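Trainee: What follows is each chain in one-letter form.
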Amino acid sequence: MQGVSKWFGPLNVLDKIDLDVPEHNVVCLIGASGSGKSTLLRCINRLERIEEGEIVVDGQDITDPKLDVNVLRRKVGIVFQAYNLFPHMTVLQNVTLAPRKAGGFTRNGAEGQARALLRRIGLEAKADEYPDRLSGGQQQRVAIVRALAMGPKVMLLDEITSALDPQLVSEVLALVRELAESGMTMILATHEMGFAREVADRVCFLDAGRILEEGPPAQIFTEPREQRTREFLARVLEAEKLA
Amino acid sequence: MHALHQVYRTFFYPHSFRLALPDVWAGFQVNIKMMVIAEALVLVLALALAIVRGLPGPAARPLRALAIVYTDFFRGTPLILVAFIVGFGVPGLQLGYISNQHVIVYGIASLTLVYTAYVTEVYRAGIESVHPSQRAAARSLGLTYAQTMRYVVVPQAVRRVIPPLLNDFVGLQKDTAIISVIGVAEATQLAQQFSTQNNDFPSLVCAAVFFILLTIPLARFTDHLVAERERRERAQAF
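Just so you know, the sequences run in chain order R and A.
For the first sequence, our numbering begins at 2 and goes up steadily by one.
For the second sequence, our numbering begins at 8 and goes up steadily by one.
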């Protein structure tokens, strides 16, 4: 990703971002709300368009106007803060919809795969339930599995634990950790500093649409170079202590 | 007492009621026929129009504009005028097949034209009420725009608009009576003929009773759906 910029009207939400995520790496984006983390992720999936720069995923320039976005999106899974499961479908239907309609799976093939994935996260018994019967943590895990069902090369996780009750966070993080261990390439926007420190190969601190500082977690969290990073981390740690 | 008896004689006299019943019932079957066919057509056409109105991009602008003109025009024109124009105007065009239909067909066409405009707006409200994050989630999985509408947005939208939609259908049922103005022998017209011939009104009351009997179940069903939804939403809030 090179020189990526994006404006919402006059607001420069992404300002010449350079970021390189090697395969099997986990990169965490940290920073205050509004710093551009979510927008950056949405750009990689082409849910948002960029005005300047270049984003290459798996050797393919995604800003190419001739690109079939639906093919790109099958390679790039994204999971949102608010889960966004389809409320009128069962868990199984949520997970199998895209593989069947866009992934070339037969119904049986998609369901077999979905049940295997649900078994892996211990929710096979909930396959025929509707999302409103599940806890937030369970819904978010289903949302992750729904994205995984398309066999993506990269997973983008956009503050996926922010809407969860604290006691439900760990079950979701456990799944993400497992994905990281299996070698999935991931970019996470997160407020969970402890988790970022544990799973990330690299941490980027975003501030006002720019990557102000990036490095291995040990360095970012213990000896940040930038004043803004220090202030941000201090505030977050303070808040965590109060919680 | 005398006045009450007059009312009874004029509107509810059982003998007249019985005499009028077969005619009115025969006419009412025409109302039911028009209603069922028009409602089926409206359900499909209005959804198509609502989807057209929501199409993204500059390429679809003429289509969107056309859909807007259509809804503005037919929501603004009284049904009785549409019925006159279609029922008397189209046969006058002498366009072969189109101009040689049974008058009931023109009645159904008028109802469909007008109510499609109303129901399009109902569907559109439903489609817009589906949160954008649902579309984002569907598109992010690689589903196309059409697939997203077909499997994610429209099913949720339709579920939400069933009560207001049924409410419009209650209106449509009653408005089948207006089609009598172009000479469809439906319940209102037959009842009125009977009333003029016999100089009393039980035939009209009889027609009214039929309409009410048809409407009440639909109205109660709508109430039930609304109550059901409120109960569900309240349950979710906790």
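Derived by calculation from the structure, the hints in this document are not laboratory data.
It is possible that some hints are incorrect.
[To be verified] Which residues of chain A face chain R? A partial, calculated answer using Cβ under 7 Å:
1. His12
2. Leu100
3. Gln101
4. Ser136
5. Pro139
6. Leu148
7. Gly149
8. Leu150
9. Tyr152
10. Ala153
11. Gln154
12. Thr155
13. Pro162
A quick note: this is a predicted structure, and the numbers were derived from the prediction, not measured.
Every residue gets a Cβ at the ideal spot worked out from N, C-alpha and C, and that includes glycine.
Trainee: Against each hint, give a clear statement of whether it holds in the structure.
Mentor: Hints, one by one, checked against the model:
Here the hint on His12(A) is broken, as its CB sits about 58 Å from the closest CB of chain R, past 7 Å. For the restraint placing Leu100(A) at the interface with chain R, the shortest Cβ-Cβ distance is roughly 45 Å, beyond the 7 Å limit, so the hint is violated. Taking 7 Å as the C-beta contact cut-off toward chain R, the hint placing Gln101(A) at the interface is violated, the least distance being around 49 Å. Annotation: interface hint on Ser136(A) violated; nearest CB of chain R at approximately 13 Å, more than 7 Å.
Hint on Pro139(A) is violated. Least Cβ distance to chain R is approximately 10 Å, over the 7 Å limit. Hint status for Leu148(A): holds, given a least beta-carbon distance of 4 Å to chain R, under 7 Å. A least Cβ separation of about 4 Å between Gly149(A) and chain R falls short of the 7 Å threshold, and the interface hint therefore holds. With a least beta-carbon distance of about 5 Å to chain R, the hint placing Leu150(A) at the interface is held under the 7 Å criterion.
Restraint check, Tyr152(A) versus chain R: the minimum CB separation of about 9 Å is more than 7 Å; hint violated. Contact between Ala153(A) and chain R, as hinted, is not supported at the beta carbon level, the nearest pair being about 10 Å apart and thus beyond 7 Å. Restraint check, Gln154(A) versus chain R: the minimum CB separation of about 5 Å is within 7 Å; hint holds. Hint status for Thr155(A) relative to chain R: violated, with the closest Cβ pair at about 10 Å, above 7 Å.
The beta carbon of Pro162(A) is positioned within 7 Å of a beta carbon in chain R (closest approach about 5 Å), and the interface hint is therefore held.
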